[in-house]
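Trainee: Chains as they are written, first to last, in this note's numbering: chain A, -15 to 181; chain P, 224 to 421.
Honestly, the hints are just simulated from the structure, not real lab data. One or more of the hints may lead you astray.
Here are the simulated lysine-lysine pairs, DSBU-like style, with alpha carbons at most 35 angstroms apart [said to hold, decoys possible]:
| # | chain 1 | residue 1 | chain 2 | residue 2 |
| --- | --- | --- | --- | --- |
| 1 | P | K252 | P | K343 |
| 2 | P | K416 | A | K155 |
| 3 | A | K148 | A | K34 |
| 4 | A | K180 | P | K257 |
| 5 | A | K177 | A | K148 |
| 6 | P | K343 | A | K155 |
| 7 | P | K255 | A | K155 |
| 8 | A | K177 | A | K41 |
| 9 | P | K416 | A | K141 |
| 10 | A | K155 | P | K258 |
| 11 | A | K61 | P | K343 |
| 12 | A | K149 | A | K67 |
| 13 | P | K416 | A | K180 |
| 14 | A | K180 | P | K252 |
| 15 | A | K118 | A | K134 |
| 16 | A | K177 | P | K416 |
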Amino acid sequence: MRILILLTFFLVFFTKMGFTHKINTFAYREGDQIIGEAYFADGSPCIKCKVEVYSDKGVKILDMTTDEKGKFSFTTKEKGSIKIKVIAGEGHLAECKVEGLKNPQASKSLESKIETPKTEETPHHLKLTNEEIKIAIKEAVSEALKETIKPETEGIKNLLMEVKKDMDRAKLHDIIGGIGYIFGIWGMVTILKFRKK
Amino acid sequence: MHISEGVLSPPVLLTGSLLSLSGLILGLKNLKTKKIPEIAVLSSAFFVASLIHIPIGPTSAHLVLNGIIGLLLGWATFPAIFLGLLLQALLFQFGGITTLGVNTFAMAFPPVILGYIFRKFLQKDKISLTFIASFLVGFLSIIFSAILIGLALYFTEKSFIPAIITLLGAHFPIAIIEGFITSFIVVYLLKVKPEVVL
């Protein structure tokens, strides 16, 4: 009993310093750009950690490190899903997967966009076909839409990041539950021991 | 001092698991019913201690408390630490199920051996000798555990020297703190409840 009191004292004293260095990572895709963040279980950033990016087939695409805020971003031509590994040394590692692009149309419309300026140069090509007008309008609308909803999606993304971080944090009720499990299991061992006698 | 899932190669994982398994069997075979409450308390202390980290310079380290557990429990350290690590892996994904063997062995084996070496120096009428001996158990347990973790990483990554330097550097201050905590607990126990220690 006295050991317990003594240990609780030590533990309460150190609890203020937060929780341990299990590392987590979280990333999302924005077109060709991948934006992500790596952080420890207490929510503090993983500074200058090694980041390795693998393609769907397990081929390493690139190597990089996180910045002072634990964030990293890169652009990639890879359309499939991507696996990101964050290595914090001493055997600490975190993995996360970014889904591939679902609509390959996005890249198609990009190509048509490049072609349109060319057609405008020559006057007799000014008559755009119905099809081309449709594409142009679609482009403009989607561009404007992206612009307007950007601040809102940004907020939602930040919120998601916070929620994810909070989920990864060690919780007091988990700790207390764990202690309960330990006592319970040893209690069962005791019962088994007495049964044998 | 937890190795995450997917870092080590299968042979290293297998070796660690087998070594831990033999430790577990030894620990459970010599288990005394009277000791079980003590094991449960120390097991949960270990479980909680690893969740709490202390920032040291650029990195941070956490208390392990394996020295005091080894000194008080002997071979029962293996089941105590194994249970703590298992629950950490299940509840918080610290370490991992596959690396459980390696982590258990690295943290439980050094204190068991050190406990056997230093236990005879713990005497009720020689407080300073007891203090030094238990400090050494707490201190060396962390150092040897860090070396074992470094070895496990070495057999996978083949970069022993840098890994061991960062590991020892990060754990040196913790080792000193652990040494003092072990000493204070042992000296205190010796005064109020000597049958637990001796």
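Trainee: Would you mind marking each hint as holding or not holding in the structure?
Mentor: Hints versus structure:
Taken as a hint, the P/K252 and P/K343 pair is honoured in the structure, with Cα atoms around 23 angstroms apart against an allowance of 35 angstroms. Proximity of P/K416 to A/K155 is assessed by CA-CA distance (about 34 angstroms); at most 35 angstroms being required, the pair is judged to hold. Of the supplied pair hints, the one linking A/K148 and A/K34 holds, its CA atoms being roughly 21 angstroms apart against a limit of 35 angstroms. A hinted pair counts as satisfied when its Cα atoms are at most 35 angstroms apart, and A/K180 with P/K257 qualifies at roughly 15 angstroms.
Proximity of A/K177 to A/K148 is assessed by CA-CA distance (about 44 angstroms); at most 35 angstroms being required, the pair is judged violated. About 41 angstroms separates the Cα atoms of P/K343 and A/K155, which puts this hinted pair outside 35 angstroms; it is violated. Distance check on the hinted pair: P/K255 and A/K155 sit about 34 angstroms apart at the alpha-carbon level, within 35 angstroms; holds. The straight-line distance between the Cα atoms of A/K177 and A/K41 is roughly 52 angstroms, outside the 35 angstroms bound, and the hint therefore fails.
With a CA separation close to 56 angstroms, the supplied pair P/K416 and A/K141 exceeds the 35 angstroms bound. In summary, the hint linking A/K155 to P/K258 is supported, as the alpha carbons are separated by about 30 angstroms, within the 35 angstroms threshold. Only pairs whose Cα atoms come within 35 angstroms are accepted, and A/K61 paired with P/K343 is rejected, the gap being roughly 66 angstroms. Among the hinted pairs, A/K149 with A/K67 is consistent with the structure: their alpha-carbon atoms are about 19 angstroms apart, no more than 35 angstroms.
Restraint check for P/K416 and A/K180: the C-alpha separation of about 29 angstroms stays at or below 35 angstroms, so the hint holds. Distance hint between A/K180 and P/K252 is fulfilled; the C-alpha atoms sit about 13 angstroms from each other, no more than 35 angstroms. With a C-alpha separation of about 24 angstroms, the suggested pair A/K118 and A/K134 falls inside the 35 angstroms cut-off, and the hint holds. Straight-line distance between C-alpha atoms of A/K177 and P/K416 comes to about 25 angstroms, which keeps the hinted pair within the 35 angstroms bound.
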